[in-house]
Amino acid sequence: MSDTALTVLVPVDVSSEERPDPDLLDLLRPARIVLVGWYPVPDQVTPEQMRDEYESDAVERIEDVAADFPAETDVETLVVFTPDRSTTIDRVADDYHAAVVVVPRDVRPVERVLVPIRGDANIDRILAVVGTLLEESEATVTLFHAVPSGDEDVSVGRTLLDGAVDHLVDAGVAADRVDTAVVESESPADDIIDAAANHDVLVIGETEPSLIEHILGDVPTRVVQNVDRPVLVVRNTDSSDSE
Amino acid sequence: MGSETETQLERTLGLTEALMIGIGTMVGAGIFVLPGAAAALSGPASAIAFVLAGGIAMLTALSASELATAMPASGGPYHFINKGLGPLFGSIAGLGNWLGLAFATAFYAVGFGNYVDPLMASLELNLGIVAAVPLSGPQIGGLAAAAAFIVVNYLSTDGTGDLQNVIVIVLLVILGAFIALGATQARPAELLPFFPQGSGPGSILPTTALVFVSYLGFAQVATVAGEIKAPGKNLPRAMVGGVLLVTLIYAASILILLGVVPLDQVAGEGTAIAIGAEAIFGGFGIGLIGVGLLTFGGLLATASSANASVLSASRINYAMGRDGLMDKRLSKIHDRFNTPYRSIALTGGLILLFIVAGQVNALAKAGSVLHLLVYGLLNVSLIVMRETEAMGYDPEFELPGYPVVPALGALLSFALIGFMDLQQILLAGTLVVAGIVWYFVYVRKRVEDTSALAQYRSPPAVEVEVAVDFDVGPDDIPAEDIPADDSTTAGHGGGAND
Numbered sequence: 001m002s003d004t005a006l007t008v009l010v011p012v013d014v015s016s017e018e019r020p021d022p023d024l025l026d027l028l029r030p031a032r033i034v035l036v037g038w039y040p041v042p043d044q045v046t047p048e049q050m051r052d053e054y055e056s057d058a059v060e061r062i063e064d065v066a067a068d069f070p071a072e073t074d075v076e077t078l079v080v081f082t083p084d085r086s087t088t089i090d091r092v093a094d095d096y097h098a099a100v101v102v103v104p105r106d107v108r109p110v111e112r113v114l115v116p117i118r119g120d121a122n123i124d125r126i127l128a129v130v131g132t133l134l135e136e137s138e139a140t141v142t143l144f145h146a147v148p149s150g151d152e153d154v155s156v157g158r159t160l161l162d163g164a165v166d167h168l169v170d171a172g173v174a175a176d177r178v179d180t181a182v183v184e185s186e187s188p189a190d191d192i193i194d195a196a197a198n199h200d201v202l203v204i205g206e207t208e209p210s211l212i213e214h215i216l217g218d219v220p221t222r223v224v225q226n227v228d229r230p231v232l233v234v235r236n237t238d239s240s241d242s243e
Numbered sequence: 001m002g003s004e005t006e007t008q009l010e011r012t013l014g015l016t017e018a019l020m021i022g023i024g025t026m027v028g029a030g031i032f033v034l035p036g037a038a039a040a041l042s043g044p045a046s047a048i049a050f051v052l053a054g055g056i057a058m059l060t061a062l063s064a065s066e067l068a069t070a071m072p073a074s075g076g077p078y079h080f081i082n083k084g085l086g087p088l089f090g091s092i093a094g095l096g097n098w099l100g101l102a103f104a105t106a107f108y109a110v111g112f113g114n115y116v117d118p119l120m121a122s123l124e125l126n127l128g129i130v131a132a133v134p135l136s137g138p139q140i141g142g143l144a145a146a147a148a149f150i151v152v153n154y155l156s157t158d159g160t161g162d163l164q165n166v167i168v169i170v171l172l173v174i175l176g177a178f179i180a181l182g183a184t185q186a187r188p189a190e191l192l193p194f195f196p197q198g199s200g201p202g203s204i205l206p207t208t209a210l211v212f213v214s215y216l217g218f219a220q221v222a223t224v225a226g227e228i229k230a231p232g233k234n235l236p237r238a239m240v241g242g243v244l245l246v247t248l249i250y251a252a253s254i255l256i257l258l259g260v261v262p263l264d265q266v267a268g269e270g271t272a273i274a275i276g277a278e279a280i281f282g283g284f285g286i287g288l289i290g291v292g293l294l295t296f297g298g299l300l301a302t303a304s305s306a307n308a309s310v311l312s313a314s315r316i317n318y319a320m321g322r323d324g325l326m327d328k329r330l331s332k333i334h335d336r337f338n339t340p341y342r343s344i345a346l347t348g349g350l351i352l353l354f355i356v357a358g359q360v361n362a363l364a365k366a367g368s369v370l371h372l373l374v375y376g377l378l379n380v381s382l383i384v385m386r387e388t389e390a391m392g393y394d395p396e397f398e399l400p401g402y403p404v405v406p407a408l409g410a411l412l413s414f415a416l417i418g419f420m421d422l423q424q425i426l427l428a429g430t431l432v433v434a435g436i437v438w439y440f441v442y443v444r445k446r447v448e449d450t451s452a453l454a455q456y457r458s459p460p461a462v463e464v465e466v467a468v469d470f471d472v473g474p475d476d477i478p479a480e481d482i483p484a485d486d487s488t489t490a491g492h493g494g495g496a497n498d
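Chains as they are written, first to last, in UniProt numbering: chain A, 1 to 243; chain B, 1 to 498.
Hint data in this document are derived by calculation from the structure and do not stem from the laboratory. Glycine included, every Cβ here is placed at the ideal spot set by N, Cα and C. One or more hints might be untrue.
[What the hints assert, rightly or not] Every beta carbon over 12 angstroms from chain A, so not counted as near; a handful from chain B, in silico:
1. Gly55
2. Ser136
3. Ala148
4. Val170
5. Val173
6. Val224
7. Gly232
8. Leu244
9. Leu248
10. Leu263
11. Tyr318
12. Glu387
13. Met391
14. Glu398
15. Phe419
16. Asp449
[Stated by the list, open to error] Partial list, derived from the structure: chain B residues whose beta carbon lies under 8 angstroms from chain A:
17. Leu9
18. Thr12
19. Ser156
20. Glu227
21. Ser331
22. Asp335
Okay, chain A solo, but in the shape it has when bound (with noise of 0.2 angstroms):
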């Protein structure tokens, strides 16, 4: 039942040339897709008139990408006129609960998907999603820990770690394509995107945002501008499982 729930979300810019990378789409194979075709919509016209003039040329994108899908994939399309495309994308996940949305970008074929993990964050669905991600694909999975530097015992991380790759076997993932890594950090961030130049996905848990964070940027969103690979941004609401 958990395998047909997740549902992840693929924002695409319609008014461009974007389309995701073949390798990514491969790799989302075992999930329901819903494929979010925005259009950006200046502040001179309402989205109305972007309606009007541009319907047909967007769904004919759209549906151009979902045939890039491998066949046998649920895939659902989607166009909206946005002026603000994050409003878009939250409002569309909240409509379909979907669990992920994907930022994509160009990969090479999905071999290495880093996964940090931090103590505290929605880990039990980051891994959930990892677990029904892998099970059809080949890759191996890099579980990674950051520990603030003088904050905690490494063995803590280790330990949370350890029952991360149980969770994985579990789920049908051979122990053998599961890696850790516990690293002793000044910036988790930095050291999330200095990892990411290894591998060619990344799965990550979307936190709420501190105070702090919200004035510094929090780690998601820092990890997510400074990457150039793909990120599958694992949402922090139940209603992933209402379905």
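Mind docking chain B on chain A? Use the hints.
For chain B alone, kept in the frame of chain A given last:
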């Protein structure tokens, strides 16, 4: 594959954003441009004129809220009138709304010029020295500012919307400081005589006609009705709340200004509020800071009003094109800039022309008179919608006090036109004639009248949409496709019947 792709329009504006749009468009004129002119006419009693104008705007804001929640498409007041009263009145309202916004933009731009002129003069760059051009410094400043907004919107800059919130908050803080500091120094005795000695209370209504332009921004909220989240709740709150807040700020500012500074020092001054700030902040030893703040506020406020009005004007062109009342090619979107460049260029040209042609008071009244005409018709349209029990008219928000509120709104809007100068009354008359001529020359042969009024006078014998639904012939599919890109009026009429 071959799946059906649904198309959606995102609603991105919450209550705060909607309020900010309304307040941001309104707060510019009443405080930063008109107090001097209003004080010259009515003295301290001009506060009453501001409250009266706010009251009339409030009646129309209530009607516009109901209409906008019933038909949240672009076009604002024009759209409501076209749907209720048909393309003849739609032509009048569309032209009135569009040109009214162009006049209002010209007025805001000259108001901006009022603040630029002394700045330039202090840098010893007297804008008036271009002797070959018989224009005042404020006019030249206004031309430059208007040209800048037109170019910026022609080329498309994103993020002016995000800036709006910041601008409004900065303005409210500046005005809050002005009112709070001023309240400690205002002397009620300064406000006497309350009514001007010559004309007495009789001057109030002409002053109301002049300052009505300060409230045009509330309708801006109606033009973005389709983009507001939970419009049934947020639209009326944003419009009514905006008018209420702005009315209070206007009335308080003018009373404090005249309670601190003698009337003859500010009467007729384009930057009266900055003069007041010098005295008020000067009482705390920071007079220069006060002048700087209020001058900055004046520039910001008039600029944001002008920018917002240019945008709405081009949206009316689009809505009229969609309904067949204007050539669609006018609202074509630029391939690269993604802006309705022709519409912006044409509206921009008119704005520049109006700045050259008119004085600030005349521009204010021209903007007001055309909007009053439109607002009067808007209230009538609401009454028609309700009385004819128009099909598909199911507003989420229903205004209280029907039929008194819309009837009063229509009556007072039309009546206030009578207190304009002859020049503006003639302008309104000319516009009505132009709208009628436009209807008979261009619109009538292109557009079928599907308004509430027309449906009531001659109800359609057969419901056409029903016949199509049962028809399984091959014509079915093209018939479904046509409304999407061609005759949208038919498509919209059908949608409203659901």
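Hint-by-hint comparison with the structure:
For B/Gly55, the requirement that its beta carbon stay farther than 12 angstroms from each beta carbon of chain A is met, with the minimum near 30 angstroms. No beta-carbon of chain A comes within 12 angstroms of the beta-carbon of B/Ser136; the shortest separation is about 30 angstroms. For B/Ala148, the non-interface assignment is confirmed: its Cβ lies about 15 angstroms from the closest Cβ of chain A, beyond the 12 angstroms cut-off. With a least CB separation of 19 angstroms from chain A, B/Val170 remains clear of the 12 angstroms interface cut-off, as annotated.
The Cβ of B/Val173 lies farther than 12 angstroms from every Cβ of chain A, with a closest approach of about 21 angstroms, so its non-interface assignment holds. A cut-off of 12 angstroms between C-beta atoms contradicts the statement that B/Val224 is not in contact with chain A; the least separation is 8 angstroms. With 12 angstroms as the threshold on Cβ separation, the claim that B/Gly232 sits away from chain A holds: the shortest Cβ distance comes to roughly 18 angstroms. A cut-off of 12 angstroms between C-beta atoms confirms that B/Leu244 is not in contact with chain A; the least separation is 27 angstroms.
Annotated as non-interface, B/Leu248 keeps its C-beta farther than 12 angstroms from every C-beta of chain A; the closest such distance is 29 angstroms. Taking the minimum C-beta to C-beta distance to chain A, about 41 angstroms, the non-interface status of B/Leu263 holds against the 12 angstroms cut. Non-interface status of B/Tyr318 relative to chain A is broken: a Cβ of that chain comes within 12 angstroms, the nearest being about 5 angstroms off. Interface exclusion of B/Glu387 from chain A stands, the closest Cβ pair being 29 angstroms apart, more than 12 angstroms.
Against chain A, the non-interface label of B/Met391 holds: every CB pair exceeds 12 angstroms, the least being about 22 angstroms. No beta-carbon of chain A is positioned within 12 angstroms of the beta-carbon of B/Glu398; the least distance is around 25 angstroms. In this structure B/Phe419 is separated from chain A by more than 12 angstroms, as the shortest Cβ-Cβ distance comes to about 35 angstroms. Annotated as non-interface, B/Asp449 keeps its C-beta farther than 12 angstroms from every C-beta of chain A; the closest such distance is 22 angstroms.
Satisfaction of the interface hint for B/Leu9 is found here, the shortest Cβ-Cβ separation to chain A being roughly 4 angstroms, below the 8 angstroms cut-off. The criterion of a C-beta within 8 angstroms of any C-beta in chain A is met by B/Thr12, whose closest approach is roughly 5 angstroms, and the hint holds. Checking B/Ser156 against chain A by beta carbon gives a least distance of about 5 angstroms; that is within 8 angstroms, so the hint holds. Because the smallest distance between the Cβ of B/Glu227 and any Cβ of chain A comes to about 6 angstroms, under 8 angstroms, the interface hint for this residue holds.
A least Cβ separation of about 7 angstroms between B/Ser331 and chain A falls short of the 8 angstroms threshold, and the interface hint therefore holds. At about 10 angstroms, the closest approach between the beta carbon of B/Asp335 and any beta carbon in chain A exceeds 8 angstroms, and the interface hint on this residue is violated.
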